[in-house]
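Chains as they are written, first to last, in the working numbering: chain F, 3 to 310; chain V, 3 to 308.
If you're looking for bench data, these hints aren't it; they were derived computationally from the structure. In this text the structure is predicted, and so the values were computed from the model without any measurement. Everything hinted at is true.
With the C-beta cut set under 10 angstroms, the calculated list includes, among others, these residues of chain F facing chain V: (1) Leu31; (2) Ala136; (3) Ala246.
Here chain V is said to cover these stretches of chain F; the calculated rule only asks that three of the stretch's residues, wherever they fall, bring their Cβ under 8 angstroms from a Cβ of chain V: (4) 39-47; (5) 105-114.
For every residue, glycine included, the Cβ atom is placed at its ideal position computed from N, Cα and C.
Here are the chains, one letter per residue:
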Amino acid sequence: MSGKTRRPAQEAGLKRANFGDGPGLPTLLLLPQLLILLFFFFIPSLRALTQSVLLSDPFGTTVQFVWFDNFKTLFASSEYRQSIAVTFWFTVAQNVLTLGSALVLAFATDRIVRARSVYRTIILLPYAIAPAIAGILWAFLFNPAVGPLAQMLHRLGIAWDPNLNPTDALILVTLAASWKHICYDYIFLVVGLLAVPVSLMEAAAVDGAGPIRRFVSIALPMLGPTIFFLTVMNFIYGFFETFAIIDAVTKGGPAGATNILVYKVFVDGFVNLDLGSSAAQSVLLMSFALICTLLQFRYFDRKVNYGV
Amino acid sequence: MVERSPVLSMVCHAILIAGALTVCIPLYFAFVAGSLTVAEVQKVPLPWVPGGQFFDNLQLAWSKGNFSRTFTNSIVVALGITAGKIAVSLLSAFAITYFRFRYRMLAFWLIFVSLMLPIEVRIVPTFEAVANAAVPLQWLADALHVADLWGWISGHDVAISLEWNMVNTYPGLILPLIASATATFLFRQFFLTVPDELCEAARLDGASPLHFFWSILLPLSVPNMVALAIILFLFGWNQYLWPLLFTTDKDMATAVIALKGLIPRSDSEPAWNVAMSGALLTMLPPALVVLLLQRWFIKGLIDSSK
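Given only the sequences and the hints, what does the whole structure look like? Please build it.
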């Protein structure tokens with residue numbers, strides 16, 4: 003790896019004009035980053051891996067090596083399987099809602115000239131709002147006793163109550179999560195649409211393709227990589243960042259209806275003190291995050307060559 | 003735009019107005035609820051026009067949420083994460099792009115791997131790491147039998163037990179959230195686009211690496227730093243899970259966590275007016291950042307996701 007035999011320019015990601023071979027200064031420069039990663043990333047991740055194959059009582063007095071028992075127990079428990087199903091439906095619904103609305107809004111933004119930046123500013127606003135706060139806002143709107151939207155549903159004869167009805171609770175957190183995240187997909191799609199060549203659109207228009215037809219058959223395929231990237235990011239968001247919404251709004255209830263995987267890790271680890279199971283769940287989530295990240299790199303590998 | 007089509011333009015405006023309304027309606031109702039009294043906020047149907055209690059509720063929320071303390075905490079944490087992450091990332095990106103040394107690729111991959119796991123999946127072990135950050139040093143001491151060695155040298159029996167508890171401290175809140183390398187890769191990408199001639203010229207002039215870093219590379223990086231700083235500030239201010247684990251001491255809570263305490267539970271008085279005032283207060287600083295620094299914010303968003 004030290005490039006005595008190779009020309010320095012061939013070494014990946016190194017500037018052709020560089021400061022040569024001395025290891026002292028770069029070590030010093032890297033030290034803060036590597037120390038923080040060691041203490042708060044590598045050691046905890048390794049600990050999660052080792053804990054997942056150990057069984058310890060809540061007080062940590064006895065620890066036993068149990069191979070993959072924690073994982074077996076996990077998959078045998080109906081609670082965990084329910085959590086998987088809930089997470090799946092929650093993230094898929096959130097993804098469809100977010101991406102669908104963002105696509106429509108981005109298309110509309112691309113078509114208009116006047117007031118474009120005003121709309122964009124307003125639609126981007128939820129990015130500034132913490133997921134927990136987004137959850138609290140929607141919990142208020144849909145609160146069965148005081149919420150204006152819940153009152154409207156009641157007047158329509160719908161017995162809306164997310165505190166008792168599992169489906170209502172899931173709908174509530176899905177709406178809150180999507181509301182918070184549409185802005186993210188939206189801005190990427192707006193930027194992506196700017197990159198579609200006008201000449202292509204004009205040629206299609208001359209051939210008689212209308213605006214919607216052009217969007218579907220030209221812009222959408224060109225946005226393909228962006229949409230793929232956003233889908234992956236939406237899954238990461240749904241899996242991990244919606245923790246705050248769940249905790250602030252439903253606490254996983256009622257009857258586990260909103261007990262998504264990342265919330266269950268927290269409850270099992272910090273409330274039930276079942277460290278082995280919590281760690282096993284962490285490891286499974288880590289694998290998921292890993293897959294997502296690799297998929298994500300497939301997307302921007304096309305734009306950014308990491309070999310360089 | 004390729005052709006004029008007034009009807010479609012109208013439809014598009016209608017779609018965008020609907021989108022903007024969807025964003026604004028929850029905020030408007032938060033404002034309305036935040037301006038009512040407890041009795042009014044429980045009325046069915048909820049009034050559509052604001053009442054006269056807005057500033058009283060703000061004051062009440064401010065004191066009930068311990069906001070004079072928790073806002074300070076939020077600012078410290080958000081700025082700490084922003085400054086810390088940018089600082090360590092700039093240094094390490096500089097190291098891996100501008101120096102040739104033996105373990106350069108190893109360092110690159112160590113940093114790269116950390117992009118893959120969000121903190122949410124390793125909260126329990128990370129909490130343990132923060133509860134006693136000295137544990138790894140303890141292992142090292144145990145593994146090397148430092149205690150035995152010292153006992154043998156000094157003739158006393160000693161037990162080494164190291165402890166460094168960061169729970170309820172600012173470093174404990176900040177450092178684990180710095181441990182991800184997104185910013186490093188952003189700066190690395192940027193440094194790779196900086197013309198080689200600048201560095202060559204600096205070397206011809208006899209500038210030291212640090213001098214080059216400080217007076218040439220850093221000024222060039224300012225636009226990227228600003229864009230990233232906005233995203234990191236929002237990230238830090240809006241953190242939830244990690245500060246939640248630290249609320250053992252109420253004075254160390256952040257504003258978002260304190261706000262959670264204002265939400266009425268089913269068995270308490272439904273003081274949604276105070277809760278909504280608190281929500282408006284807590285979202286104000288990040289919302290202002292997004293509104294005022296729109297252009298930079300979008301750049302940061304797009305950059306930091308790549």
